[in-house]
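Construct the complete structure from the given sequences, taking the supplied hints into account.
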Amino acid sequence: MSKRAMAVVVGLTLGFGILLARGATRDRPASAGWLKPAPTAPSAAAGAVGELKVTIKEWDVPTKGAHPHDPAMAPDGSLWFTEQLQNKLGRLDPATGTFKEYVLKIEDSGPHGLVADANGNIWFTGNGKGYIGKLDPKSGDVTAYQMPDAKAEDPHTAVFDARGILWFTVQVGNMVGWLDPNTGKVELKTVQGQRALPYGIAINSKGVPFFCEFGTNKMAKIDPQTMAITEFKLPEGARPRRMAIDAEDKIYFTDYEGGNLGRLDPATSAVKMWPSPGGAKSAPYGITITPDGAVWFSESGMKPNTMVRFDPKTEQFARTTIPSGGGTVRNMVATPDGRVYIACSGVNKVGVVQPSR
1 MSKRAMAVVV
11 GLTLGFGILL
21 ARGATRDRPA
31 SAGWLKPAPT
41 APSAAAGAVG
51 ELKVTIKEWD
61 VPTKGAHPHD
71 PAMAPDGSLW
81 FTEQLQNKLG
91 RLDPATGTFK
101 EYVLKIEDSG
111 PHGLVADANG
121 NIWFTGNGKG
131 YIGKLDPKSG
141 DVTAYQMPDA
151 KAEDPHTAVF
161 DARGILWFTV
171 QVGNMVGWLD
181 PNTGKVELKT
191 VQGQRALPYG
201 IAINSKGVPF
211 FCEFGTNKMA
221 KIDPQTMAIT
231 EFKLPEGARP
241 RRMAIDAEDK
251 IYFTDYEGGN
261 LGRLDPATSA
271 VKMWPSPGGA
281 KSAPYGITIT
291 PDGAVWFSES
301 GMKPNTMVRF
311 DPKTEQFART
321 TIPSGGGTVR
331 NMVATPDGRV
341 YIACSGVNKV
351 GVVQPSR
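The sequence shown maps to residues 1 to 357 in the numbering used here.
Keep in mind the hints are simulated off the structure, nothing from the lab.
Errors might be hidden in some of the hints.
As the list claims (entries may be wrong) - Lysine-lysine pairs mimicking DSS-like chemistry, simulated, CA-CA at most 25 Å apart: (1) 189 x 206; (2) 250 x 206; (3) 100 x 53; (4) 53 x 134; (5) 313 x 272; (6) 151 x 134; (7) 100 x 138; (8) 303 x 313; (9) 105 x 138; (10) 105 x 185; (11) 250 x 221; (12) 303 x 53; (13) 53 x 221; (14) 206 x 313; (15) 272 x 233.
What follows is the structure in structure tokens.
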């Protein structure tokens, strides 16, 4: 295993993200108090939690030890995923169960986030080598766009806006940025504060990017024209990790540290928090919103991991466990027909969550 892969393994084992969020540095030794919450068996939280009626189908990733990190959906409905520890991207046809894997030529790229463009090209963050890549699935060719600042060492999560501009976060580098696929130009903006740790990112209906500041209790938005950043304060102690935006441009986020589902209304700055069904140590992580407006997320601190559905109209939760255990569902994506694609990193699987009709 390469030095970079070993470093990623160590970081994942120690719950690297939450270590940083609590103020650790790369050279600072970890202590038990900084580790990710110990897995907890699912139990009923305050209030009624219904049974989530879904079918969850999972597939083993062909390459062992791939550590599938993020999933994405291509225009043809295929499920794509990053194989962070094996330097590959993978594609699954959920209809046939057929896989195809693409080896990245830049060693130790550490592919992390990914997203498809309208033409079916797959864009990914080379988290280990400071670049963003574009894979042409037809030829297998990869175009690499290096970060113009060496401090932007770890591009993290990426998303396209309606104009076709790719927006992304840089977690340890403490930046956000955009890439124009037509010109290859990359623009970066440093986030105020030394430990903002930009993480999840999404675009609202007006084309405004919002992102999570995992290192503090804030969400933020970026002015697409000036790159000016406006922050929104969350309750003390909250640590937003992933986010999704609903049809009314309200922002739902997972409070990984506090064990809550949160909602921010940027129009008023109002914030509402709901305790996750698994409680304070449930470590909610990946999140998405299906076309019917339901909010879906996974509790990574539960053993086995859970899938949770939240109905914003009734404010009721429903929950089920992931058959394989999940092994930490770090991100998820909703399909137009209401399914949810997941990547189960610790058990080397990808899956599809199908709501019962």
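Results of checking the hints against the structure:
At most 25 Å may separate the alpha-carbon atoms for a hinted pair to count; residue 189 and residue 206 meet this at roughly 20 Å. Taken as a hint, the residue 250 and residue 206 pair is honoured in the structure, with Cα atoms around 12 Å apart against an allowance of 25 Å. Between the alpha carbons of residue 100 and residue 53 the distance comes to roughly 31 Å, so the proposed pair goes past 25 Å and is violated. Distance restraint check for residue 53 and residue 134: the Cα-Cα separation of roughly 37 Å exceeds the 25 Å cut-off, and the hinted pair is therefore not satisfied.
At roughly 14 Å between alpha-carbon atoms, residue 313 and residue 272 fall within 25 Å of each other, so this suggested pair holds. Among the hinted pairs, residue 151 with residue 134 is consistent with the structure: their alpha-carbon atoms are about 21 Å apart, no more than 25 Å. Under the criterion of a C-alpha separation no larger than 25 Å, the hint pairing residue 100 with residue 138 is consistent with the structure, at around 12 Å. The suggested pairing of residue 303 with residue 313 is violated, with an alpha-carbon distance near 29 Å, which exceeds 25 Å.
A threshold of 25 Å between alpha carbons decides the hint, and for residue 105 with residue 138 the separation of about 16 Å falls inside it, so the pair holds. Taken as a hint, the residue 105 and residue 185 pair is honoured in the structure, with Cα atoms around 22 Å apart against an allowance of 25 Å. Simply put, residue 250 and residue 221 have alpha-carbon atoms about 13 Å apart, close enough for the 25 Å limit, and the pair holds. A threshold of 25 Å between alpha carbons decides the hint, and for residue 303 with residue 53 the separation of about 19 Å falls inside it, so the pair holds.
Restraint check for residue 53 and residue 221: the C-alpha separation of about 35 Å exceeds 25 Å, so the hint is violated. For the given pair, residue 206 sits about 23 Å from residue 313 by alpha-carbon distance, which is consistent with the 25 Å threshold. Among the hinted pairs, residue 272 with residue 233 is consistent with the structure: their alpha-carbon atoms are about 12 Å apart, no more than 25 Å.
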